[in-house]
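Engineer: Chain residues, written in single-letter form:
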Amino acid sequence: MKHHTFLGAVLGAIICSATAHAIEPGQAAPAFTVKNVKGEEVSLADQKGKVVVLEWLNHDCPYVKKHYASGNMPKLQEAYTAKGVVWISINSGAGVSASDLAARSAKEGSKASQVTVDPDGKVGKAYAAKTTPHMIVIGKDGKVAYNGAIDSINSTDAADVEKADNHVAAALDALLAGKTVEVAKTKPYGCGVKYAK
Amino acid sequence: MAGMKFSVLLAVGLPFVAPLSAAVKSGHAEAELVAGVSSYEAGKAFQVAIRLTVDPGWHTYWINPGIGGMPVKATWTLPEGWTAGELRQPVPKRFMTGELPGFGYEGETVFLVDLTPPAGATGEAECKVKLAWLTCDDSACVPGDAELSVKLAAGDGKPGKEAAVIEAAKKKIPVPPAQDLLFGVEEREGRLILFVLSSEVDLAGVSAFPTTPDVIDPAEPLTFEKGKDAWIATGKKSEYLDGAATRLDIVVAGGKLKQPLLLSWRAEK
Numbered sequence: 001m002k003h004h005t006f007l008g009a010v011l012g013a014i015i016c017s018a019t020a021h022a023i024e025p026g027q028a029a030p031a032f033t034v035k036n037v038k039g040e041e042v043s044l045a046d047q048k049g050k051v052v053v054l055e056w057l058n059h060d061c062p063y064v065k066k067h068y069a070s071g072n073m074p075k076l077q078e079a080y081t082a083k084g085v086v087w088i089s090i091n092s093g094a095g096v097s098a099s100d101l102a103a104r105s106a107k108e109g110s111k112a113s114q115v116t117v118d119p120d121g122k123v124g125k126a127y128a129a130k131t132t133p134h135m136i137v138i139g140k141d142g143k144v145a146y147n148g149a150i151d152s153i154n155s156t157d158a159a160d161v162e163k164a165d166n167h168v169a170a171a172l173d174a175l176l177a178g179k180t181v182e183v184a185k186t187k188p189y190g191c192g193v194k195y196a197k
Numbered sequence: 001m002a003g004m005k006f007s008v009l010l011a012v013g014l015p016f017v018a019p020l021s022a023a024v025k026s027g028h029a030e031a032e033l034v035a036g037v038s039s040y041e042a043g044k045a046f047q048v049a050i051r052l053t054v055d056p057g058w059h060t061y062w063i064n065p066g067i068g069g070m071p072v073k074a075t076w077t078l079p080e081g082w083t084a085g086e087l088r089q090p091v092p093k094r095f096m097t098g099e100l101p102g103f104g105y106e107g108e109t110v111f112l113v114d115l116t117p118p119a120g121a122t123g124e125a126e127c128k129v130k131l132a133w134l135t136c137d138d139s140a141c142v143p144g145d146a147e148l149s150v151k152l153a154a155g156d157g158k159p160g161k162e163a164a165v166i167e168a169a170k171k172k173i174p175v176p177p178a179q180d181l182l183f184g185v186e187e188r189e190g191r192l193i194l195f196v197l198s199s200e201v202d203l204a205g206v207s208a209f210p211t212t213p214d215v216i217d218p219a220e221p222l223t224f225e226k227g228k229d230a231w232i233a234t235g236k237k238s239e240y241l242d243g244a245a246t247r248l249d250i251v252v253a254g255g256k257l258k259q260p261l262l263l264s265w266r267a268e269k
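Listed in order, the protein sequences are those of chains A and B. Under my numbering, the first residue of the first sequence is numbered 1, with each subsequent residue one higher. Under my numbering, the first residue of the second sequence is numbered 1, with each subsequent residue one higher.
Just so you know, not all the hints are guaranteed correct.
[To be verified] Restricting the straight-line Cα-Cα distance to at most 20 Å, the calculated cross-link-like pairs of lysine-lysine (PhoX-like) are:
1) B/LYS130 / B/LYS73
2) A/LYS65 / A/LYS163
3) B/LYS236 / A/LYS185
4) A/LYS187 / B/LYS130
5) B/LYS151 / A/LYS163
6) B/LYS237 / A/LYS185
7) B/LYS236 / A/LYS163
8) B/LYS130 / B/LYS158
9) B/LYS237 / A/LYS187
Honestly, the hints are just simulated from the structure, not real lab data.
Generate coordinates for the entire structure from the input sequences, incorporating the hints supplied.
Structural biologist: Written out as structure tokens, the structure reads:
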């Protein structure tokens, strides 16, 4: 244990820096209003009392392609919106075009409640969305219940979807059953959100 | 080009043996498999190299990719009884992909893998690997994959004409220190303090990288400075680390080190 004897002496020189944190599970989900691809306003405040999923996407990203081409994302959207969950897909990329995103979403078989554009990245930054996909699940109480990756296998291979633990489905199942979300935070994997500079 | 002539003669003499795969281009990188031996010796491990060359402006990722990104993955198909070791990766670079900090490689990277034939192995052996990678630049990520293969005859396992590729790659791959180094980690107020006893090693001017993902936040560089008795570096604890840190491997390279080192810490139970 000799290292403990000198460690105290050197700690004095170490500066601890304050750091900004992402939206942690248990914190209130930041309010936002964003436009959908039809130009209509979508507000988190209007979803009060509902379970909400926020999904960051960019259909040019191979990780997003993995979850759409495999049918995984549309299947989740369809299954959980049928149970009253509001699913909001958000593209926070610089210069994202509503008409392009509408066409791509239709082509990829999106079953999201809303497909929205956040070209200035305001909503993405409010949630510290890092990657596409990056998934946030908000409980009926308006608090963040899950923040992170869609599932447990970081790859672009569609064959891995079946082998992975789907963290979003697990969080939604728990919330809808009135249970505690076991895995509330993971590291999101994917391409970086292409924020405006 | 005496070497060229030799390889032509060899190809004529042994038409089925190819210690070098054709390079395969996929996405924004090109991959190639190179055996360091001219033949394999039954029961004796030998090394093969995977050379991955990324287009200018793009990068691939290390074992610890940082935030976003994906490590290179190798899946082997080998003759019965053969085994493949892990993909040994050279010292990475730090970079930003847009706003995401990461570790990985630009240009040409050579990975090494130990292949071990069983004791009774005979005949020609085809060693196949499926390599999958992700390349990103600031505006896009593009995956790539390649199926590579080399064929080797049974023999004495002597170094082949590509042995220099393996030897050069070895120098860039971290190894555990020859003698035990005291490397420790302490947690203080959301930061991890790394220390290495200075009587045992000189870390002046080294670059340091966390090999274990999601223990240290990749956003700030790890810099070792000399304290009274130890080299000290501090890093912000990763927001994705659940509970206390229990293990951390780091790579230190450059400075006065002849060979990059892999330092391992495990919490005392």
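Engineer: For every hint, state whether the structure bears it out.
Structural biologist: Each hint tested on the structure:
1. B/LYS130 / B/LYS73: holds, 8 Å
2. A/LYS65 / A/LYS163: holds, 17 Å
3. B/LYS236 / A/LYS185: holds, 18 Å
4. A/LYS187 / B/LYS130: Since the Cα atoms of A/LYS187 and B/LYS130 sit roughly 26 Å apart, the hinted pair is violated (cutoff 20 Å).
5. B/LYS151 / A/LYS163: violated, 32 Å
6. B/LYS237 / A/LYS185: Between B/LYS237 and A/LYS185 the Cα gap is close to 15 Å, so the pair holds against 20 Å.
7. B/LYS236 / A/LYS163: violated, 32 Å
8. B/LYS130 / B/LYS158: Given pair B/LYS130, B/LYS158 is violated - Cα atoms ~26 Å apart, limit 20 Å.
9. B/LYS237 / A/LYS187: Roughly 14 Å separates the two Cα atoms, so the pair holds.
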